[in-house]
Amino acid sequence: MSKLNREQFRSLREKLKAVNEQQTEIIVGLGSCGIAAGAARTFDAFQKEIKAKSLTGVVLRRTGCMGLCASEPTVEIKVPGMADIIYGWVTPEVARDIVQKHVMRQILVSNCIQDKTFKDILKEGE
Amino acid sequence: MSFNRYILIYRESDAGVDKNENLFDAFMKELGEKDPSNSVQVVDAVMNGKADPDSTLVKIIPDNIYFKCKDPVDAIKIVDDFIIKNNPVKKLEAAANNIQYRIVLRNCGVIDPENINEYIAREGYSALEKVLFDMTPDEVIAEIKKSGLRGRGGAGFPTGNKWAFTQQAVGDVKYVVCNADEGDPGAYMDRSTLEGDPNSIIEAMAIAGYAVGASKGYIYIRAEYPLAIKRLEIAISQATEMGLMGKNIMGSDFSFEIEIRYGAGAFVCGEETALLASLQGERGMPKPRPPFPAVKGLWGKPTVINNVETLANIPVIIIKGSDWFNRIGTEKSKGTKVFAVTGKVKNSGLVEVPMGTTLRDIIFTVSGGIGNNRKFKAVQTGGPSGGVIPEKFLDTPIDYENLVALGSMMGSGGMIVMDEDDCMVDVNKFYLQFSVDESCGKCAPCRLGGRQLLTYLQDIAKGNGDLKDIDKMKRIGNAMQKASLCGLGQTTSNPIQSALKYFYDEYEEHIVHKKCRAGKCLELLTYTINPEKCSRCGICKRVCPASAISGDRESGFAIDNAVCIKCGECYNRCKFDAIDRG
Ligand SMILES: Cc1cc2nc3c(=O)[nH]c(=O)nc-3n(C[C@H](O)[C@H](O)[C@H](O)COP(=O)(O)O)c2cc1C
Ligand code: SF4
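In order, the protein sequences belong to chains A and B. Its first residue numbered 1, the first sequence is counted upward by one per residue in this note's numbering. Its first residue numbered 1, the second sequence is counted upward by one per residue in this note's numbering.
Just so you know, not all the hints are guaranteed correct.
Unchecked claim - Taking lysine-lysine pairs in the DSS-like style, the calculated list, with each CA pair at most 25 Å apart, reads: (1) A/Lys119 <-> B/Lys287; (2) A/Lys15 <-> B/Lys392; (3) B/Lys77 <-> B/Lys90; (4) B/Lys392 <-> B/Lys375; (5) B/Lys29 <-> B/Lys85; (6) A/Lys17 <-> B/Lys68; (7) A/Lys17 <-> B/Lys130; (8) B/Lys332 <-> B/Lys216; (9) A/Lys116 <-> B/Lys29; (10) B/Lys146 <-> B/Lys130; (11) B/Lys29 <-> A/Lys101; (12) B/Lys566 <-> B/Lys515; (13) B/Lys247 <-> A/Lys119; (14) B/Lys320 <-> A/Lys123; (15) B/Lys320 <-> A/Lys116; (16) A/Lys101 <-> A/Lys123; (17) A/Lys17 <-> A/Lys51; (18) A/Lys3 <-> B/Lys130; (19) B/Lys541 <-> B/Lys501; (20) B/Lys501 <-> B/Lys392; (21) A/Lys15 <-> B/Lys320; (22) A/Lys3 <-> B/Lys247; (23) B/Lys91 <-> A/Lys116; (24) B/Lys375 <-> A/Lys123; (25) A/Lys116 <-> B/Lys68; (26) A/Lys3 <-> A/Lys15; (27) A/Lys116 <-> B/Lys230; (28) A/Lys119 <-> B/Lys68; (29) A/Lys3 <-> B/Lys541; (30) B/Lys575 <-> B/Lys541; (31) B/Lys442 <-> B/Lys468; (32) A/Lys3 <-> B/Lys230; (33) A/Lys17 <-> A/Lys101.
These are computed hints drawn from the structure, not numbers from a lab.
Okay, chain B solo, but in the shape it has when bound (with noise of 0.2 Å):
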């Protein structure tokens, strides 16, 4: 027996396996008349995206169409015509979900990433080869340039003018330097590429270094990511083995070579000036720019730091040409963003869609959606220097500038999102502690601002909070905006400038009715006990973990709220809704 189609009957991944029964079994027994020899296999399949609530996604393959089942009838419909006649049926035909498009994610889940050959096999070094013989420095410069690449790494700067800037800067030695400290909470896109595809960072680095000429790259990465240290040693060692890195590589005039630096995990790290004199062994604070890298960077010397995704572009450039590229994404942002799309969606994981793809798309048609009946609140792009971006600008499409407009930006490609349980004071309060701690100290805006600011949040969490300290907060952060040194004072504030614009009644709650709705705020939660609802059970006594219920069955129950930890223990165990929480 061996079948030659399959119906896969696709069910949201967090509904329940017999969901679509009725849709199997209707399958099943159409599929039992008319197919006698048995030659489809009818098999349950989980949905990565999200499901039309109405009816229920089937696939057939190998013929590769989708078709939208409400009831059994259509079932019925589909064996009858489809597979028995073979006639196609457009009215329950659906699209594919096809809003992904990998092109820095090309090799990942693709290929082995400790075997270079399998990354040859898929034009891997081919780009380096074309540059190495078919193409001047000043012509990859034009050709990456004309491809509209900005920097991955958040700011956006055009790629091309950076290479440029660094080709034109006078020195007797330059560097290439690969920034791989990925700090932002909730971001592992480079990770994740360097540990599913370590060739394409090291090509592109020759590649950078061939049109600035340099012939020496570092790859600054934070010890934490031992997985894609192992792996880039790898594909350093192989790479190099077989010439493809080194000296003269591929029998050109051409030498180039790649030393991995380790980063301790200091945020502040990332931003490029304290990178640069970490990797020279100093202690990582950031310089005023200007002088730029491009014209004294490493040991003064003119250096290219790009990050990682960048990277991972270049190769494909090379290859497919910038028009191919040019034609991908916006009018300002061209080609693809990888965001790492984690928090309160059903399928938290790595996506890359063209630029200009809505939020929507990617947080509800290619994620899922928000788990557990729950309602989307706000997603927070760009980490800590980004902000929180409400459901009413969900259909935005993304680019560095529409970011930017809506009080947030595109960082590195965290993507955080937060439902009704989430609180917007909370989540401010930890992205502030965050800036905090990983402030280097150096100036004074951001190393005292922070402070102040966390603080006010501190007080407004715990109900001392009054609302002329709104005012101050924002003044403090546009502060900070003008007068911090580097990138992360100046964006320190962003997550609460853009909760004050977006959520200001949560932070109007806590501070004048000293409520929090999702009940994220301890301080300001109460538990009571309603004696209408309340059945007398006893449950909720023996599961306080702080014993701050007393009474019995006779006379009932009560919560102590000087001993109670606010665990919640109790209201999510009461059978009868009779816990009150406000």
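In isolation and in its complexed conformation, chain A is listed as follows (with noise of 0.2 Å):
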């Protein structure tokens, strides 16, 4: 990519802001406590369920640590038009279980849910 200049960086911005609501994503928490937790096996089993289910507009993606470092590894799930939902303990038999009800048929999965306590200063405003 060349380099931006204040224009450039302005328009790309704005063009990345216009987030796709119609893809479910996977969110697979993967710092170092998730990845201690074993998030890396859980990453790859999301991945292969997948592809095995061989599922269309689901992303898989990666991010930090969300702070819940007791129960992970830690998952976020958004499925367009369900609210967002996180799990803990999330082993590679939870993440295809995840896959098979949350994002195929819309049921939760039950005894790994957690609370999402905070809010997001940059979307929500205060």
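Dock chain one against chain two, each of which comes alone in its own frame, and use the hints as you go.
Here it is, written out as structure tokens:
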């Protein structure tokens, strides 16, 4: 990519801000704490399961630590039209369960949903 | 079939799955009757924070409303009134647990740290754009000053003033250094920030560079943080490729480049003058200040050194303005603080709260309190430089001044929670051993005083202490506070001084009665078998790894304390409570 000047930076930013609301996102916490708890294997399990079920419109993403270190590996699931859900203790088995139930049929997986206790200051203002 | 509503029944993270079974069944039964189309799913969920002992928290999504349910009757009411008739049920409504407020961690757990585009989509590099084109360096410094931001590395020095000193200092070359050494036991806020949002630190360093007139920055990071290093490298190279770092950023005439330097993990290298020495390739030892780094820093040039968390605040302050930031926190401590809450809490993790939040809210409401049916004893803030804070001060609003008044300090944000099973002498010994190991040895008060304090503590823990030692420890500690060259030696005695203030009785017990109530000081422990309770099952003899237990089922069993290694295995395994520990 060539170097951006101010105008180019601004237009890139606006382009990037327009998020795709229509895709399902699986976001795996891959900070040191998550990786120590096995998040890399969880990530692989999601990747395989998405492929095995030939799912399209599902994006697997990586992120840092969301602070729930006691319940790593943590995963956030965003399905269009559904509230965002955070799961804790997501082992590869739970990952497959999440794909088959939550992602494919909008059924929540029990016993590992966490509560998201903080707002997004950049999106929700104050 | 698809659901349009979900009922989440929260249980505490250490409670069994069947704890809410009644409630679960009540919801299912009522829904079975009233919701024939099966549009609501009932799910077990897990609480991060502390639950109310007499009720269960229930959340309805997508409505995002919480209810407190005491019994199945409440469940029926929620289904009938709220779910079916869409009427509010104010009586049962519960407040959301929204104590956390995330400025520093705004992107952690949200964006992909290895993809700069995701950072840009969330206002990333917009603060840099704003300062480069719409603000003068003086205006940037004035804005940071007005925000009231103070250094998060421990000392709490006003960041705007630090930048102003560096800007005003005379020098042909100036530097910006990010202190990512993070050496306190139990602290990992900076690591998580760097791993989760590396671009925010880079952007903030460039803003600092623009403000003070520097075009080169260094990140001093411990080599034990390989993932943070990797993500910083990716961020720097992506930013440079896009022209957001390097020469003529975004076409302006400001250039800034960043280099990463590794530390070998010495705690003292977090001290700013030692850090600079280490950066220059010298042995990491502190130097007397003044001159302060702002005047004479890296290679003798004016240098601004800021902590990771301090820097992470900068872009938000620029975008949202100092007035916005200024409204958060207390009178003298603005903004938020990130804590790494560890130790005996149910849910250890990273917590970011506004300054002025109470310790109780952090430890209990957010982190779930103490597990295993134990009671809270104390919390250590400020790592080896801080002190212990007992239960009676848990309602103190956290800010720099309040924590110092309690004999501790804010420190970088490690918060280690202790319960009844922790012994104050033992905890003090741990921190002192750390400070002694990490002392660079340059000045006598710290080098000799630390050792002496440790020797007293070791004696006390073995039952060889003397009450007179306490007075000597206080005097040595005071001398170290006054005469040590750097913060390490000046604060080494803080944990002991605070424990003597709040837990004097425990010290006295060790010294006078040769007892350790927590059972941590092994030399003071003896295990004996209580023949009244003993049923002669013999499990103790079988599990003892040291073969210290003799006897048989005919004559009974006895522990030979000369052989016993105080592992407590028999004590833990005896089903009849027949092993006494004293
Ligand atoms: C023994 C010792 C260790 C320190 N370790 C760190 C550290 O790991 N990280 C840090 O940011 N500051 C540390 N500091 C504080 C730094 O000297 C310095 O005050 C800080 O980097 C300034 O940044 P700030 O103004 O943004 O807080 C330490 C200080 C002492 C005395
Ligand atoms: S106080 Fe301790 S760590 Fe600091 S310079 Fe003196 S000997 Fe070194």
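Structure versus earlier hints - violations, ascending order: Violated: hints 1, 2, 6, 8, 9, 13, 16, 17, 19, 24, 27, 29, 31 and 33.
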